[in-house]
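Each chain, written out:
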Amino acid sequence: MSVLKEDLVRLIDNPVGLRRRKIKNKFFHGLLFLCTIFGVVVLAFLLYDILKKGLPWLSVDFIKNFPSRFPKKSGIYPALLGSLMLILLTTVIAFPVGVGTAVYLEEYAGNNKFTEFIKLNIANLAGVPSIIYGMLGLAVFVRALGMGRSILAGSFTMALLVLPIIIISSQEAIRSVPGILKQASYALGTTKWQTVTGVILPYAIPGILTGTILSVSRALGEAAPLIVVGALSYVSFAPSSVMDSFTTLPIQIFNWASMPKKDFQNVAAAGIIVLLIILLAVNSIAIILRDKYQIRMKD
Amino acid sequence: MNKILFESKSKMQKNERVINKTLTILGMVSIFTTIGIILSLTEETIQFFRSVSIIEFFTSRKWTPMFEPANYGVLPLVMGTFLIVIFSSIISIPIGLGSAIYLSEYAPKKVRKILKPVLEILAGIPSIVYGYFALTSITPLIRSIFPSASVFNALSAGIAVGIMTIPMVSSLSEDAMMAVPDSLRLGAYALGSTKFEVSTKIVVPAAFSGIAASFILSISRAIGETMIVAMAAGSTPKLTLNPLESIQTMTGYIVQISLGDVPAGSIGYKTIFAVGTLLFAITLILNIISRNIVKKYRRAY
Amino acid sequence: METKIRVENLNFYYGNNRALTNINMEIYRNKITAFIGPSGCGKSTFLRTINRMNEFIENTRVEGKVLIDDEDIYSKKVDPVELRRRVGMVFQRPNPFPKTIYENIVYGLKKNGVKNKEVLDEVVDTTLKSVALYEEVKDKIHKSALELSGGQQQRLCIARAIAMQPDVILFDEPTSALDPISTMKIEELLLELKNDYTIIIVTHSMQQAARISDYTAFFLNGELIEIDETNKIFSNPRDKRTEDYITGRFG
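Protein chains in written order, with our numbering: chain A, 1 to 299; chain B, 1 to 301; chain C, 1 to 251.
The reader is advised that the hints may include incorrect statements.
Unchecked claim - Below 25 Å or equal to it, Euclidean Cα-Cα: the simulated BS3-like pairs (lysine-lysine) are:
{"no.": "1", "chain 1": "A", "residue 1": "Lys26", "chain 2": "B", "residue 2": "Lys113"}
{"no.": "2", "chain 1": "A", "residue 1": "Lys192", "chain 2": "C", "residue 2": "Lys240"}
{"no.": "3", "chain 1": "C", "residue 1": "Lys99", "chain 2": "A", "residue 2": "Lys292"}
{"no.": "4", "chain 1": "B", "residue 1": "Lys11", "chain 2": "C", "residue 2": "Lys129"}
{"no.": "5", "chain 1": "A", "residue 1": "Lys26", "chain 2": "B", "residue 2": "Lys11"}
{"no.": "6", "chain 1": "C", "residue 1": "Lys76", "chain 2": "A", "residue 2": "Lys192"}
{"no.": "7", "chain 1": "C", "residue 1": "Lys77", "chain 2": "B", "residue 2": "Lys14"}
{"no.": "8", "chain 1": "A", "residue 1": "Lys192", "chain 2": "C", "residue 2": "Lys77"}
{"no.": "9", "chain 1": "B", "residue 1": "Lys14", "chain 2": "C", "residue 2": "Lys110"}
Rather than coming from a laboratory, the hints here were simulated on the basis of the structure.
Using the sequences provided together with the hints, build the complete structure.
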């Protein structure tokens, strides 16, 4: 027995083996760090590249002008307006439906097969490629409901696309409301809806807002479904009503990037800068709103 | 004080009933959406298969619906999509998994706090920006290494899609690894294991179902990705495995047709719905598989 | 002595598990009745059958009757929402809403259609006074209730319940999360409140029951073992099990 034990100790204490294992660990550590930093480097390079190409082209005229055959005269005004109108309308449509669905699923729906089915369905919808929503929009809103290739049709399409995001994040926010607060409300003789509006939604609003902003960001950056719905890539007028045809920032950028003239690549970069600035602004607003409504509970 | 008047009971109950009905209808919107997708896709697809045989659709090796002689073989588009999936996975799976292991097992809290938001920013960048990046930065780089590469090629688009899906693999895998209880790690450390051994032999196997699900979801995402491939991969449907050639994916085809003026009822209009149905079916199946993996192999700790 | 609540043959089930067995008791107007017993004995479950708060737990069922002023609260005619206006409740942990002190007190009134600002202001003043919180918070009634100490929060929760002008107030271990001084203040408050309300309190502390209650009910394994005047329960219980419990042999 004692011989065997000594052998084992020698094997375990083997300094060469231990050193090798340690080196392996160090190497792996470095490799993993590189993987993680890869994203950072790409992001930095991407932003640098776009700023370098686009900044010289960014000007007040670029914001105010309409697209043109000449890179120097090209502007982003109709696309900017189209994007803003689109996300506004999309939010107006998707927000009440999304939050309402979340309230329904968390507070009203029974614990049954049908509720499970709705939840499963929402999870599936969240994974459907965005271009498929475009085809739905084309068949239903543009053609069947006769909205044409309008901002309205685009907004309904986008609203359905972002609905799962709003529903799922609102559900999580509603689930985080402490049970004791709900009980306190019910114990004061309130109905379900009164408890929803009096306690649950005020408490859940930061989480709901975060999800909504995520969905607005998504709607701002999406191009594929709108191309299918029939947004134009060249718009020489500013949309004035929701029934007008339209373009958006990503579609305009796509259009410029596919032009053969080299300068249009830089115009596209300038457009990307505008798009990223709006995304940044939207997300900052979200963070400010969230912090403002954040409720800190004392234990 | 005692004269406080409460609202009548019947009015409140009536309100409550109306609200209940309204919310139920809102809850149904998601179901109507699914029904809408399936109906709008299948209606035109059935029309399509009235004029084109299913056998031709799945076996013909040429996709030239807009030219004479028209060929309706979807394989080239599927192959194009497949190439994108391969190259995006080569990027996103190892790098995403690596960064997930780093963030979950190695990174000090401070580093994590900085790196996580950066990955989130990466996830929030619109795909059109990655498309631009592929076209103006990745493609020139590829062409300087492989001069034979075409201006539009699958490799460039695949890499960009891969970069875009890194955060998805990373955050989902990290979630799965974070769910592995510390007691398992501590047990291994107590036996004298290094961090590398704990990560690869304990944590990753224990979190395997979540990690696998993240891979499948990223593949499904790559299949559905549209703008990057529309910008950088080209628009020539081709049955090739050469990533340096111009190809076309299923999504790329739908965009190409949508950009032109395709009258409803024309064969071009019907083809995008046929391709869309296939796309929808493939991604749906992948999403269901990934969910089932998580469900089936979820370990009870 | 007037009977306020009469419980007849009450059984309560979680799924197939019977949590309360054949409870019969009378609770008198303007008295404090304490429920004691080891944890899991069903005293809290029973308390919640009196304002039907148990209905929020799925898969539960009640048999028997709970009569308040001779009206069965489980009859079809009774709306649980309306019932809870008449039967207030204070919970184990202070649970003020993340709103101002003012908004906490008027919450139930506003939700029930009371909009007149003068009435609301008056209610806030009088209820704060009646829970002896007025002097402490009069300068900050429009500040967040979460800034109050635990004991103050619990008194605010009592004020919130009183604002609904209930007849009965249920207290579910209201001092278990509080320090001794806050506990004493709440106990003093309860002794004053009984002049206007019928009070039922579940408590984990036998001393507390002995200090403040007029009647004490002892529960064990979902059964009511005995209920009597508090001094009788603590000095001369009829049942051996009650005696074992109050002398500390178990529980």
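These are the hints, each one checked on the structure:
Annotation: proposed proximity of Lys26 of chain A to Lys113 of chain B holds, straight-line Cα distance about 22 Å (limit 25 Å). With a CA separation close to 45 Å, the supplied pair Lys192 of chain A and Lys240 of chain C exceeds the 25 Å bound. Proposed proximity of Lys99 of chain C and Lys292 of chain A is supported: the alpha carbons are some 14 Å apart, at most 25 Å. For the hint linking Lys11 of chain B to Lys129 of chain C, the alpha-carbon distance of about 33 Å lies beyond 25 Å, and the restraint is violated.
Restraint check for Lys26 of chain A and Lys11 of chain B: the C-alpha separation of about 71 Å exceeds 25 Å, so the hint is violated. For the given pair, Lys76 of chain C sits about 19 Å from Lys192 of chain A by alpha-carbon distance, which is consistent with the 25 Å threshold. Between Lys77 of chain C and Lys14 of chain B the CA atoms are separated by roughly 15 Å; this keeps the pair inside 25 Å, and the hint holds. For the hint linking Lys192 of chain A to Lys77 of chain C, the alpha-carbon distance of about 19 Å falls within 25 Å, and the restraint holds.
With a CA separation close to 18 Å, the supplied pair Lys14 of chain B and Lys110 of chain C stays within the 25 Å bound.
Hint compliance for this structure: hints 2, 4, 5 are broken, all remaining hints hold.
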